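Colleague: Here are the chains, one letter per residue:
There are 2 protein chains.
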Amino acid sequence: MAETKVVQSGRGQFGPADWIRAAHRVLESRSIDAVRVEVLAKELGVTKGSFYWHFKDRDDLLQRMLTAWRDAATEQIIFRFESRGLSPRDLIRDLLALPFRGESAKEAAATELAIRAWARRDEAARNVLDEVDAKRLSYISECFRALGFSASEAKGRGFALYSYELSESLLSNQGTAKQKDERRAFMEKMLLAQLSSDKKA
Amino acid sequence: MAETKVVQSGRGQFGPADWIRAAHRVLESRSIDAVRVEVLAKELGVTKGSFYWHFKDRDDLLQRMLTAWRDAATEQIIFRFESRGLSPRDLIRDLLALPFRGESAKEAAATELAIRAWARRDEAARNVLDEVDAKRLSYISECFRALGFSASEAKGRGFALYSYELSESLLSNQGTAKQKDERRAFMEKMLLAQLSSDKKA
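These protein sequence lines are chains A and B, in that order. The numbering of the first sequence is my numbering, which starts it at 28 and goes up by one. The numbering of the second sequence is my numbering, which starts it at 28 and goes up by one.
Since the hints were made in silico from the structure, they are not lab data. Errors might be hidden in some of the hints.
What the hints assert, rightly or not - Lysine-lysine pairs mimicking DSS-like chemistry, simulated, CA-CA at most 27 Å apart: (1) K207/B / K133/B; (2) K83/B / K205/A; (3) K69/A / K83/A; (4) K162/A / K216/B; (5) K205/B / K216/B; (6) K162/A / K83/A; (7) K216/A / K162/B; (8) K162/A / K133/A; (9) K205/B / K162/A; (10) K216/B / K207/A; (11) K162/A / K207/B; (12) K133/B / K162/B; (13) K133/B / K162/A; (14) K133/A / K75/A; (15) K207/A / K133/A; (16) K133/A / K205/A; (17) K205/A / K216/A; (18) K216/A / K216/B; (19) K207/A / K162/B; (20) K162/B / K216/B; (21) K133/B / K216/B; (22) K207/B / K216/A; (23) K133/B / K205/B; (24) K69/B / K83/B; (25) K133/A / K162/B.
If you're wondering where the values come from, they're calculated on a predicted model, not measured in any experiment.
With the hints as constraints, model all of the structure from the sequences given.
Modeller: This is how it looks when you write it as structure tokens:
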């Protein structure tokens with residue numbers, strides 16, 4: 028994370044979105060335990076008191092962090108699957124390439140891993156994460172359904188593709204760029220191939 | 028996690044392994060920031076001073092937590108792949124069933140997710156995790172190699188299987204027991220099937 032301290036010019040300078048962004052930065056670089064009013068006030072260079080202009084308390088902030096992340100993740104789903112009019116096959120290629128989209132993909136993955144860590148021990152975070160995961164899995168499976176796979180095969184392939192995406196970010200140090208490219212190409216081939224029972228190894 | 032407070036009977040009662048176990052419990056239920064000498068001493072019901080009989084400082088404890096986890100993970104790899112003499116195909120079935128092995132699998136997954144969260148922001152944790160991931164990926168790929176898949180296909184299949192395992196623990200709330208069973212069966216079918224270029228969808 029880049030240094031983000033800003034010069035204070037008055038307590039009305041920062042809106043709720045600024046506090047939420049600062050809270051996400053602290054969550055990513057440390058953990059949810061570190062997301063405390065005094066830490067954020069220091070990060071933004073304002074008084075603790077100004078926090079309470081926008082939030083009832085810390086719990087209110089945490090809830091709004093989750094809502095902000097869910098809304099951004101949902102918008103991203105809609106952008107990816109609905110607004111660009113890609114064919115199902117191109118969508119699948121697009122999803123497979125997602126973990127390699129440079130800095131923005133890395134940042135989104137870092138945020139998401141931090142939220143997964145938080146969700147291990149917080150029910151509200153768990154619920155929001157489950158909701159986003161379910162929506163993504165359902166959209167991905169729809170792509171395979173549109174390619175003619177059965178409902179059950181489409182779900183299996185959807186889960187395999189989403190697993191691959193999650194794991195490329197968890198296992199980002201495994202393999203060279205060339206090896207990552209090879210496994211991406213292999214995943215595409217495997218996920219798009221028909222299975223016939225007489226062709227099993 | 029079950030309540031683990033123990034009655035103190037003297038400062039020599041707890042060895043390094045007890046402190047390390049307590050530290051892992053705190054890592055799992057909270058985060059690495061919460062792993063501090065005073066927290067652990069309270070958890071074990073002993074004085075802070077007794078910590079320094081066994082550890083130079085907190086960093087020494089953190090390093091030994093990582094070593095303990097790596098050794099346990101490595102032993103588990105050896106048990107799984109070398110000591111039981113299973114056929115490659117049975118090993119693959121065994122690995123696919125791993126996320127569903129009841130409480131012990133859940134606990135191991137919780138520990139591992141906590142270490143992945145820690146590794147996001149600590150190089151020593153990252154290195155140990157990378158080492159374990161690399162070893163597991165290499166063993167899994169060997170199973171596919173032994174079934175006659177090419178080196179590159181075996182690596183791709185190995186990565187897909189490991190991704191599936193990691194994701195079943197990350198996405199444990201997605202789907203009913205029946206749906207999980209279906210996707211496991213589908214993964215087995217897909218991972219063991221030959222791909223032929225003329226059979227693509």
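Colleague: With reference to the structure, classify each hint as holding or not holding.
Modeller: These are the hints, each one checked on the structure:
Proposed proximity of K207/B and K133/B is supported: the alpha carbons are some 15 Å apart, at most 27 Å. For a cut-off of 27 Å, the pair hint linking K83/B to K205/A is broken: about 43 Å separates their Cα positions. About 19 Å separates the Cα atoms of K69/A and K83/A, which keeps this hinted pair within 27 Å; it holds. Simply put, K162/A and K216/B have alpha-carbon atoms about 25 Å apart, close enough for the 27 Å limit, and the pair holds.
Restraint check for K205/B and K216/B: satisfied, since their Cα atoms lie roughly 17 Å apart, inside the 27 Å limit. Under the criterion of a C-alpha separation no larger than 27 Å, the hint pairing K162/A with K83/A is inconsistent with the structure, at around 30 Å. Under the criterion of a C-alpha separation no larger than 27 Å, the hint pairing K216/A with K162/B is consistent with the structure, at around 25 Å. Proximity of K162/A to K133/A is assessed by CA-CA distance (about 21 Å); at most 27 Å being required, the pair is judged to hold.
Between K205/B and K162/A, the direct Cα distance comes to roughly 19 Å. Compliance with the 27 Å bound is thereby established for this hinted pair. Our distance criterion of 27 Å between C-alpha atoms is met by K216/B and K207/A, whose separation comes to about 24 Å. With a CA separation close to 17 Å, the supplied pair K162/A and K207/B stays within the 27 Å bound. Taking the CA atoms of K133/B and K162/B, the gap is near 21 Å; set against the 27 Å cutoff, the hint holds.
Between K133/B and K162/A the CA atoms are separated by roughly 24 Å; this keeps the pair inside 27 Å, and the hint holds. Between K133/A and K75/A the CA atoms are separated by roughly 31 Å; this puts the pair beyond 27 Å, and the hint is violated. A threshold of 27 Å between alpha carbons decides the hint, and for K207/A with K133/A the separation of about 15 Å falls inside it, so the pair holds. Of the supplied pair hints, the one linking K133/A and K205/A holds, its CA atoms being roughly 18 Å apart against a limit of 27 Å.
Note on K205/A and K216/A: the hinted pairing holds, with a Cα-Cα distance of about 17 Å set against a maximum of 27 Å. In summary, the hint linking K216/A to K216/B is supported, as the alpha carbons are separated by about 15 Å, within the 27 Å threshold. Restraint check for K207/A and K162/B: satisfied, since their Cα atoms lie roughly 17 Å apart, inside the 27 Å limit. Proximity of K162/B to K216/B is assessed by CA-CA distance (about 24 Å); at most 27 Å being required, the pair is judged to hold.
Taking the CA atoms of K133/B and K216/B, the gap is near 25 Å; set against the 27 Å cutoff, the hint holds. Distance restraint check for K207/B and K216/A: the Cα-Cα separation of roughly 24 Å lies within the 27 Å cut-off, and the hinted pair is therefore satisfied. For the suggested pair K133/B and K205/B, the alpha carbons sit about 18 Å apart, so the restraint of at most 27 Å is met. With a C-alpha separation of about 19 Å, the suggested pairing of K69/B with K83/B holds against the 27 Å cut-off.
Straight-line distance between C-alpha atoms of K133/A and K162/B comes to about 24 Å, which keeps the hinted pair within the 27 Å bound.
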